[in-house]
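Protein chains in written order, with full-length UniProt numbering: chain S, 1 to 578; chain Y, 1 to 578.
The hints are simulated quantities; they were obtained by calculation from the structure and are not laboratory data.
Cβ coordinates follow ideal geometry from the N, Cα and C atoms, glycine included.
Don't take each hint at face value.
As the list claims (entries may be wrong) - Here are the simulated SDA-like pairs of lysine to any residue, each with C-alpha atoms no more than 25 Å apart in a straight line:
hint	chain 1	residue 1	chain 2	residue 2
1	Y	Lys-282	S	Ile-16
2	Y	Lys-232	S	Ile-16
3	Y	Lys-485	S	His-490
4	S	Lys-282	Y	Phe-26
5	Y	Lys-282	S	Ser-280
6	S	Lys-232	Y	Phe-90
7	S	Lys-466	Y	Asn-30
8	Y	Lys-272	S	Trp-294
9	S	Lys-123	Y	Lys-272
10	Y	Lys-272	S	Thr-285
11	Y	Lys-489	S	Thr-285
12	S	Lys-232	Y	Lys-272
13	S	Lys-282	S	Ile-467
14	S	Lys-466	Y	Ile-24
15	Y	Lys-31	S	His-490
16	Y	Lys-272	S	Met-17
17	S	Lys-232	Y	Tyr-29
18	S	Lys-282	Y	Glu-155
19	S	Lys-282	Y	Lys-282
Stated by the list, open to error - Each pair of labels, with its calculated beta carbon distance range:
hint	chain 1	residue 1	chain 2	residue 2	range
20	Y	Phe-200	S	Leu-21	38 to 48 Å
21	S	Leu-21	Y	Met-403	47 to 57 Å
22	S	Leu-14	Y	Phe-125	47 to 57 Å
23	Y	Lys-489	S	Tyr-458	37 to 47 Å
2 protein chains.
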Amino acid sequence: LDYQHVQVPFEITLWIMLASLAKIGFHLYNKLPSVVPESCLLIFVGLIMGGIIYGLNDRSPPVMDSDIFFLYLLPPIVLDAGYFMPSRPFFENIGTILLYAVVGTIWNVFGIGFSLYGICQVKAFRLQDVSLLHNLLFGSLIAAVDPVAVLAVFEEIHVNEKLHILVFGESLLNDAVTVVLYKLFRSFCEMPTIKSVDVFAGVGKFFVVGLGGVLVGLSFGFTAAFTTRFTKDIRVIEPLFVFLYSYLSYLTAEMFHLSGIVAIISCAMGMKRYVEANISLKSHTTVKYFMKMWSSVSDTLIFIFLGVSTIGENHEWNWPYICFTVIFCLIWRALGVLVLTFFVNRFHVNTITSKDQFIIAYGGLRGAICFSLVFLLPDFHRKKLFIAATTVVILFTVFIQGMTIRPLVDLLAVKRKRESAPTVGEQIHIRFLDHLLAGIEDISGHWGQYYWKDKLEYFNSKYLQKILLREYDQPKSSIVLLYEKLERKHAMELAQAGQLGHSPAQPPFLSSDRTVITDQKLEDTLNPAVLDNIQEILARNLYRIRRTGPAYNRHTLPGDSEPAEQAKEILILRHKSL
Amino acid sequence: LDYQHVQVPFEITLWIMLASLAKIGFHLYNKLPSVVPESCLLIFVGLIMGGIIYGLNDRSPPVMDSDIFFLYLLPPIVLDAGYFMPSRPFFENIGTILLYAVVGTIWNVFGIGFSLYGICQVKAFRLQDVSLLHNLLFGSLIAAVDPVAVLAVFEEIHVNEKLHILVFGESLLNDAVTVVLYKLFRSFCEMPTIKSVDVFAGVGKFFVVGLGGVLVGLSFGFTAAFTTRFTKDIRVIEPLFVFLYSYLSYLTAEMFHLSGIVAIISCAMGMKRYVEANISLKSHTTVKYFMKMWSSVSDTLIFIFLGVSTIGENHEWNWPYICFTVIFCLIWRALGVLVLTFFVNRFHVNTITSKDQFIIAYGGLRGAICFSLVFLLPDFHRKKLFIAATTVVILFTVFIQGMTIRPLVDLLAVKRKRESAPTVGEQIHIRFLDHLLAGIEDISGHWGQYYWKDKLEYFNSKYLQKILLREYDQPKSSIVLLYEKLERKHAMELAQAGQLGHSPAQPPFLSSDRTVITDQKLEDTLNPAVLDNIQEILARNLYRIRRTGPAYNRHTLPGDSEPAEQAKEILILRHKSL
Numbered sequence: 001l002d003y004q005h006v007q008v009p010f011e012i013t014l015w016i017m018l019a020s021l022a023k024i025g026f027h028l029y030n031k032l033p034s035v036v037p038e039s040c041l042l043i044f045v046g047l048i049m050g051g052i053i054y055g056l057n058d059r060s061p062p063v064m065d066s067d068i069f070f071l072y073l074l075p076p077i078v079l080d081a082g083y084f085m086p087s088r089p090f091f092e093n094i095g096t097i098l099l100y101a102v103v104g105t106i107w108n109v110f111g112i113g114f115s116l117y118g119i120c121q122v123k124a125f126r127l128q129d130v131s132l133l134h135n136l137l138f139g140s141l142i143a144a145v146d147p148v149a150v151l152a153v154f155e156e157i158h159v160n161e162k163l164h165i166l167v168f169g170e171s172l173l174n175d176a177v178t179v180v181l182y183k184l185f186r187s188f189c190e191m192p193t194i195k196s197v198d199v200f201a202g203v204g205k206f207f208v209v210g211l212g213g214v215l216v217g218l219s220f221g222f223t224a225a226f227t228t229r230f231t232k233d234i235r236v237i238e239p240l241f242v243f244l245y246s247y248l249s250y251l252t253a254e255m256f257h258l259s260g261i262v263a264i265i266s267c268a269m270g271m272k273r274y275v276e277a278n279i280s281l282k283s284h285t286t287v288k289y290f291m292k293m294w295s296s297v298s299d300t301l302i303f304i305f306l307g308v309s310t311i312g313e314n315h316e317w318n319w320p321y322i323c324f325t326v327i328f329c330l331i332w333r334a335l336g337v338l339v340l341t342f343f344v345n346r347f348h349v350n351t352i353t354s355k356d357q358f359i360i361a362y363g364g365l366r367g368a369i370c371f372s373l374v375f376l377l378p379d380f381h382r383k384k385l386f387i388a389a390t391t392v393v394i395l396f397t398v399f400i401q402g403m404t405i406r407p408l409v410d411l412l413a414v415k416r417k418r419e420s421a422p423t424v425g426e427q428i429h430i431r432f433l434d435h436l437l438a439g440i441e442d443i444s445g446h447w448g449q450y451y452w453k454d455k456l457e458y459f460n461s462k463y464l465q466k467i468l469l470r471e472y473d474q475p476k477s478s479i480v481l482l483y484e485k486l487e488r489k490h491a492m493e494l495a496q497a498g499q500l501g502h503s504p505a506q507p508p509f510l511s512s513d514r515t516v517i518t519d520q521k522l523e524d525t526l527n528p529a530v531l532d533n534i535q536e537i538l539a540r541n542l543y544r545i546r547r548t549g550p551a552y553n554r555h556t557l558p559g560d561s562e563p564a565e566q567a568k569e570i571l572i573l574r575h576k577s578l
Numbered sequence: 001l002d003y004q005h006v007q008v009p010f011e012i013t014l015w016i017m018l019a020s021l022a023k024i025g026f027h028l029y030n031k032l033p034s035v036v037p038e039s040c041l042l043i044f045v046g047l048i049m050g051g052i053i054y055g056l057n058d059r060s061p062p063v064m065d066s067d068i069f070f071l072y073l074l075p076p077i078v079l080d081a082g083y084f085m086p087s088r089p090f091f092e093n094i095g096t097i098l099l100y101a102v103v104g105t106i107w108n109v110f111g112i113g114f115s116l117y118g119i120c121q122v123k124a125f126r127l128q129d130v131s132l133l134h135n136l137l138f139g140s141l142i143a144a145v146d147p148v149a150v151l152a153v154f155e156e157i158h159v160n161e162k163l164h165i166l167v168f169g170e171s172l173l174n175d176a177v178t179v180v181l182y183k184l185f186r187s188f189c190e191m192p193t194i195k196s197v198d199v200f201a202g203v204g205k206f207f208v209v210g211l212g213g214v215l216v217g218l219s220f221g222f223t224a225a226f227t228t229r230f231t232k233d234i235r236v237i238e239p240l241f242v243f244l245y246s247y248l249s250y251l252t253a254e255m256f257h258l259s260g261i262v263a264i265i266s267c268a269m270g271m272k273r274y275v276e277a278n279i280s281l282k283s284h285t286t287v288k289y290f291m292k293m294w295s296s297v298s299d300t301l302i303f304i305f306l307g308v309s310t311i312g313e314n315h316e317w318n319w320p321y322i323c324f325t326v327i328f329c330l331i332w333r334a335l336g337v338l339v340l341t342f343f344v345n346r347f348h349v350n351t352i353t354s355k356d357q358f359i360i361a362y363g364g365l366r367g368a369i370c371f372s373l374v375f376l377l378p379d380f381h382r383k384k385l386f387i388a389a390t391t392v393v394i395l396f397t398v399f400i401q402g403m404t405i406r407p408l409v410d411l412l413a414v415k416r417k418r419e420s421a422p423t424v425g426e427q428i429h430i431r432f433l434d435h436l437l438a439g440i441e442d443i444s445g446h447w448g449q450y451y452w453k454d455k456l457e458y459f460n461s462k463y464l465q466k467i468l469l470r471e472y473d474q475p476k477s478s479i480v481l482l483y484e485k486l487e488r489k490h491a492m493e494l495a496q497a498g499q500l501g502h503s504p505a506q507p508p509f510l511s512s513d514r515t516v517i518t519d520q521k522l523e524d525t526l527n528p529a530v531l532d533n534i535q536e537i538l539a540r541n542l543y544r545i546r547r548t549g550p551a552y553n554r555h556t557l558p559g560d561s562e563p564a565e566q567a568k569e570i571l572i573l574r575h576k577s578l
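Okay, chain S solo, but in the shape it has when bound (with noise of 0.2 Å):
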């Protein structure tokens, strides 16, 4: 037995199975997931096992490295994110998710810190050495919004399109905020004395940081388009290039201290449009799926992880400080959603209702990034606590907010998701009304979201696309994309219902008379599905001779190519004469 050797790739191996056989058994009842979120029962499994792990080991069950988490789990959940982001609602509030992300988060941040160096303060709660740079710092990392854990809950729930995005944006584009003061608290916690002066630098840094992960984003993404330019002739490994250069993307914005997460968010956008039109089908289906099973695996080894890594001896418990921190964490974060909103409403006709407001404050939900950021923290005598502390928040934000928010939102009747896609009227009127706005607004002079909107499609046609698409001379109507996108469907569905090709008359030898008296008997032995089959299949060999498929070859995959020409109009003319 060689276990060092395999050892690495073999615990990497099972871990994944374990999350997935986890999802296969929460999936196999499906009433369980229906009243629990799924993120509560992973955490659940990886808290039985890290108790498992402590009774066999006696000592603490390893915690979950954040090299780890923010290399390797935290890249395709951000991906998948921001590859399926719905992009219309999302630029249409994005001054209302940066007003959340930024101020809100900011607030959030100088709240919590300075609400808790005030409970410090207390003699009785004996915490008077936990500074005010260590209790902002604690805050900085406690204040953010976790898009993982609320992608997690706000799947499940389907709220309206609005309020999911104001929310799952927040939790996207804090990170700038808290990449820059998790950072710039620990820097001073090193200094010995801090100038105004680097307080300062602090704030242009915010800008830097989040422009910054924008600008790698965008150009890794049209790296990314413009070489799908080149894949025709070895379409197995388009989608890996999808891969690749959101992770080059995300790991050059962390090598620079830019935010990766807005970084890989901005690459997948951004190359999203230039690369479905240029890869094949096939491709786009292995990309989607891949991706969505990647970031549903990567969620739940983080949830497990988090469950495991709670066991243990690395927490310094401290009643005050944190029954506070949870205390805290709710009243700044609803004063926060109460006053932005008062100033987000003063300035749209679409208001964002009391009920939305209450929801956006409950769901905000803290996970695994807060988690890996408190043990990022530099040793020092109170860490432990605040590894306690953060535990306590993330478990209380899953398992209370995660599992009563269900019935809050059915309690208030929140305004849900449509349940059916727009049909073709109106996103034809949606579009009508976009040029109608956007040519308003430049009669008027206003330079507002359609303006901008309108300009950057005409960029977009005029020069992006004649270097990032394959075929830039021929631009599809969008339309008539939609057109053939719904002909395969209904192509498929036919198929599947059997209803294709078939001919209207009888064919010949079911119709003779022999057939009427033994119908019942063939019947018998031979299923009529099978008999119509069969007759298909060998009327439709009199013409598939004729076609010639190419060898196998490693780089192609079977059915791969475009069909013989003349085979597609053999087709088509029998077709048409049935």
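We have chain S; now place chain Y onto it with these hints.
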């Protein structure tokens, strides 16, 4: 700049990116890959890169780590090979393949080992310090034909199926022999004295290693099939299980010192038919696509690394030893093929022609497996000589033999692979003959391959399918399955050609007399195809409104769910009415 933090994933991603870009580069110029095999081009790229690294750093570039090769790069290629293995020719020729793989490899090992020992006895060559055991050890690693190299060359020359499977099957199955002999000789090298019992233990070990690999592989394969029975509600993680279980079978086999290659091939071949029946069509596309993609990238990386590792100072040059190694490799393989084929042809009606024999002997390419094994050798004073000899043999076989085999195949007019897939008529005949031969074998009491195949098929449909398939109560005839596949393809082709669902009657507003007058003008402003499409969409929309899709969920893909039955019926009705 914080490069340290992201170094590992960043460099891995960059290497993969380099490999993918190199692949795109070759395929941009179609003429290049048709003359020079891709493997040669990739080694060449590696040599250049190695030269650059050597020139810049003034020290040897890093050699390919054997662990990385065996644990991460080899499994995807072998999995791909096993999953897409044409099972019929493989099992029809399994006897011949095993003979080549087992007896042939042993013949080569001892032939090369003893004759090199003879060379070492010549005083003028100054090789007298290389013992017989070291020569045999060297023989055991240089004798084995490499599946990666064989695959890379043979998939491009399209020889007939039997010839292909003979060379390729041998290269895969000789792994068990190589593992046993290599480890045996290596342990002999470290033992003070060798008893005869050790030699017999080695012979027994071969069966353990080979059959153990098959057993491990099959058990993981069946577990994988069983697991996919329960993934109906969570389609996105289906592809994962195919990869996880195959990889686990490889790692488990390696852990117990069994043949990992044999294990992963058995796993892939064992699970394929059940998994394909259980998982959804999109999952299956993803599995196939990702397997191809992964093996393609692994393959590329291996050849680039081979090139990079060649550059450097870990070679000891000795003209006679290296030249004689190349000569003996060629001679002993040719002799082995001749002798073994003589025996094979005596027992078969469908003999292996002398042209085929030449190609089998000439196609014995060596590759990265030898290279990794030679670096795994324990340190002794002549290791660098062995490294040099191995490198030369690999480069000789891949470059000289790999580049000349295509012209030789053309020159000798070796029977090629048939270009077209067998027609349904042929398939029905083949199956009919199989049944007939199984009956004849059963009556005559001869337990031949048809008898066993029939028994296996019975066991499969009686027991295995019931356990491993989700819908075992409705076993579909394979002809019906083929029909469904053809229907899907047909539907897609019709949809692509835009011929689906066009109503034979002229659409009302185009057939009104107003249209006739403004026909020319209409064509100027609106493309008639676009008009048709719009009408089509609007017409379809009348029933699309009734259909409601499920809301967004991260575990499902858009359009993944089954369409509502009502909508399906409307569709069918509508199609019938046309």
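Hint by hint, here is what the structure shows:
As the CA atoms of Y/Lys-282 and S/Ile-16 are separated by approximately 21 Å, the hinted pair is consistent with the 25 Å bound. The straight-line distance between the Cα atoms of Y/Lys-232 and S/Ile-16 is roughly 19 Å, inside the 25 Å bound, and the hint therefore holds. Of the pairs offered as hints, the one joining Y/Lys-485 and S/His-490 holds, with about 16 Å between alpha carbons and a cut-off of 25 Å not exceeded. A C-alpha spacing of about 23 Å is found between S/Lys-282 and Y/Phe-26, which places the hinted pair at or below 25 Å, so the restraint holds.
A threshold of 25 Å between alpha carbons decides the hint, and for Y/Lys-282 with S/Ser-280 the separation of about 14 Å falls inside it, so the pair holds. Restraint check for S/Lys-232 and Y/Phe-90: not satisfied, since their Cα atoms lie roughly 32 Å apart, outside the 25 Å limit. Distance check on the hinted pair: S/Lys-466 and Y/Asn-30 sit about 24 Å apart at the alpha-carbon level, within 25 Å; holds. At roughly 22 Å between alpha-carbon atoms, Y/Lys-272 and S/Trp-294 fall within 25 Å of each other, so this suggested pair holds.
A threshold of 25 Å between alpha carbons decides the hint, and for S/Lys-123 with Y/Lys-272 the separation of about 69 Å lies outside it, so the pair is violated. Between Y/Lys-272 and S/Thr-285, the direct Cα distance comes to roughly 21 Å. Compliance with the 25 Å bound is thereby established for this hinted pair. Between Y/Lys-489 and S/Thr-285, the direct Cα distance comes to roughly 16 Å. Compliance with the 25 Å bound is thereby established for this hinted pair. Under the criterion of a C-alpha separation no larger than 25 Å, the hint pairing S/Lys-232 with Y/Lys-272 is inconsistent with the structure, at around 29 Å.
Restraint check for S/Lys-282 and S/Ile-467: satisfied, since their Cα atoms lie roughly 23 Å apart, inside the 25 Å limit. Proximity of S/Lys-466 to Y/Ile-24 is assessed by CA-CA distance (about 20 Å); at most 25 Å being required, the pair is judged to hold. Using a Cα cut-off of 25 Å, the hinted pair Y/Lys-31 and S/His-490 is violated, with the two alpha carbons roughly 40 Å apart. Of the pairs offered as hints, the one joining Y/Lys-272 and S/Met-17 holds, with about 19 Å between alpha carbons and a cut-off of 25 Å not exceeded.
Between the alpha carbons of S/Lys-232 and Y/Tyr-29 the distance comes to roughly 12 Å, so the proposed pair stays at or under 25 Å and holds. Proposed proximity of S/Lys-282 and Y/Glu-155 is supported: the alpha carbons are some 22 Å apart, at most 25 Å. Simply put, S/Lys-282 and Y/Lys-282 have alpha-carbon atoms about 9 Å apart, close enough for the 25 Å limit, and the pair holds. Distance hint for Y/Phe-200 and S/Leu-21: a CB-CB separation of about 43 Å, consistent with the stated range 38 to 48 Å.
Between S/Leu-21 and Y/Met-403 the CB atoms are about 48 Å apart, so this pair conforms to the stated range of 47 to 57 Å. Here the CB-CB span from S/Leu-14 to Y/Phe-125 is close to 51 Å, well matched to the stated 47 to 57 Å. Range check, Y/Lys-489 to S/Tyr-458: Cβ separation about 40 Å, and the 37 to 47 Å hint holds.
Hints 6, 9, 12, 15 from the list above are not met by this structure, while the remaining hints are.
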